[in-house]
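Fit chain U to the supplied structure of chain P, relying on the hints for placement.
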Amino acid sequence: MAITQLSAFLENTPGTLSQAVTAISDAGINIRALSVADTRDFGILRVIVSDVEKTKEVLSQYTLASETKVIAVKMSDEAGSLKKILNILENARINVEYVYAFTSAIAGSAYVVLRINDLDVAESVLMGHGIEMLSDEDMKDMLG
Amino acid sequence: MKNYYQKEIETASREEILKIQNEKIVKQVRHVYDNVPYYRDLMDKKGVKPEDIKSVDDIKKLPFLTKDDLREAYPYGLLGTDLKNCVRIQSTSGTTGKRVVAFYTQKDIDLWEECCARAIVAAGGTDEDVCQVCYGYGLFTGGPGLNGGSHKVGCLTLPMSSGNTDRQIQFMMDLNATILCCTPSYAAFIGESLAEQGYKPEDNKLKAGIFGAEPWTEEMRRSIENSLGIKAYDIYGLTETSGPGVSFECEEQTGMHINEDHFYAEIINPETGEVLPEGEKGELVFTSLDKEAFPLLRYRTKDICILSRKPCSCGRTHVKMTKPLGRSDDMMIIRGVNVFPSQIETVLLNEGYTPNYQIVVDRENNTDTFDVYVEFSPEQFSDKIADVQAREKALNAAMRSMLGIGPKIHLMAPKSIQRSEGKAVRVIDKRKLHD
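Residue numbers (my numbering), protein chains in the order written: chain P, 12 to 155; chain U, 317 to 751.
Calculated from the structure, these hints are not laboratory results. Be a bit skeptical, because a hint or two may be false.
Said to hold, decoys possible - In silico contact screen, one side only, chain P against chain U (beta carbon under 10 Å); selected entries:
(1) 16
(2) 54
(3) 103
Glycine included, C-beta positions come from ideal geometry on N, C-alpha and C.
Pulled out of the complex, with its shape left as it was, chain P reads as follows (with noise of 0.2 Å):
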């Protein structure tokens, strides 16, 4: 079960990245997760939106953006929750690309989005530690 990532290709230079979430913003897209990968030259901002389809339009008007498969994991908001889940996939020798975090209004429930090159390798081992993972309804659903 895995969920939809956007990232858009961002030039490091001031006002690139205010661009991008303005355009999101008007298009009355909210934005769930985020975060930017940076280089000496360029960035790839990735997002996990309320509206994949709308926010691709929107940032593919000026810059490039593509969709790709990512699992987003519900812990408890507590100490050591993360780490167990990197745990796991480390002792089924899973690598992960990059890794990134958020809370939501639900209280005592945090997430985390793993890019992860073999998905359905790392859900079968998160789903048998019995870990709960998001789809993209659960997305949408979640409350901001």
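Relative to chain P, chain U alone:
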């Protein structure tokens, strides 16, 4: 005291030089017509016979040769003698598709090396000097040309070739090099490296440098002179005519004397091909007067310069050319390597990119910077930084393999490269190379 390598010819009167040129051109045109079918066809098409050429004044009747002719005739089409008489091949640095190869007989090599020897002596070289040659050795003419010239002068020659700056500096300091031959940007780099290692300009024994193969400014000359504690001399040449030493600077540093007993120079209007009078700016055209193996007549260099016959205080009488003031085509010289935008475009298309790109050339600390901005497509974009960087690296390698020099690649979003009035600006050259 004034020094010349071949005083008699270097200081000959205008009349004497003309007499030599007139004798040589008549023989040379006959030689080419009889031995080079490619050029014979060009002459026949133009309706010019060898007997029409009685003096250098008649050279303007001859057809031009361009780099395209050289490519078309590759490899043997412009050869002027049997291969068994040839002893050497040299080649141009980077090219679109086919390289240009030039052939030499032993006599051609001797005359070429004499031209380089004249340049070394004009820079103050004698048989007491230690001449460090850090132009590349190999197909590139820089190393072999100056190496041969240095031998002819009797200098103790250090055939270092290019690169390995620490070793260059060690040999320079340990073996008391007095003359340095390399590209101006490498000379500047050696100067900086010496300073970084704690050497002051007076710590080395260098007195002169002979620098060429790329454009450089008067400002850069002064900066190299200060950092190395030397006098810096310009040298000009091209593989097609022989190599470095077609022309060279004397102590006056106001232009390069063309070795007129071997090369006849014209300045033409690049649009019309019309010969322009002395003092006017136009494209430099060379006719080789005595080369045997690769005797090019009216070869268009694409370099824009001005010729001057103003008397020179050094006593040399041969005509002087300015540094190239520009190009009549879109070729750039970056770190001594010839680069055409069309080559960049070819690599991009081969590698599956759009031809939306921009080349930015600048000069920082006397070294050329070379950046290529390329738009990429949604299919090529990935959410992983490493993937984008791997693309940039692969493109850099593909460019390096085509050009011999690798630009820094910057991938860009579609439509993000600026267009002016709808037309893409392909090249931004921020170097101020021409005063």
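Each hint, compared with the structure:
1. 16: Holds, about 7 Å.
2. 54: Interface hint status for residue 54/P: holds (8 Å vs cutoff 10 Å).
3. 103: Hint violated; residue 103/P Cβ to chain U Cβ min 21 Å, cut 10 Å.
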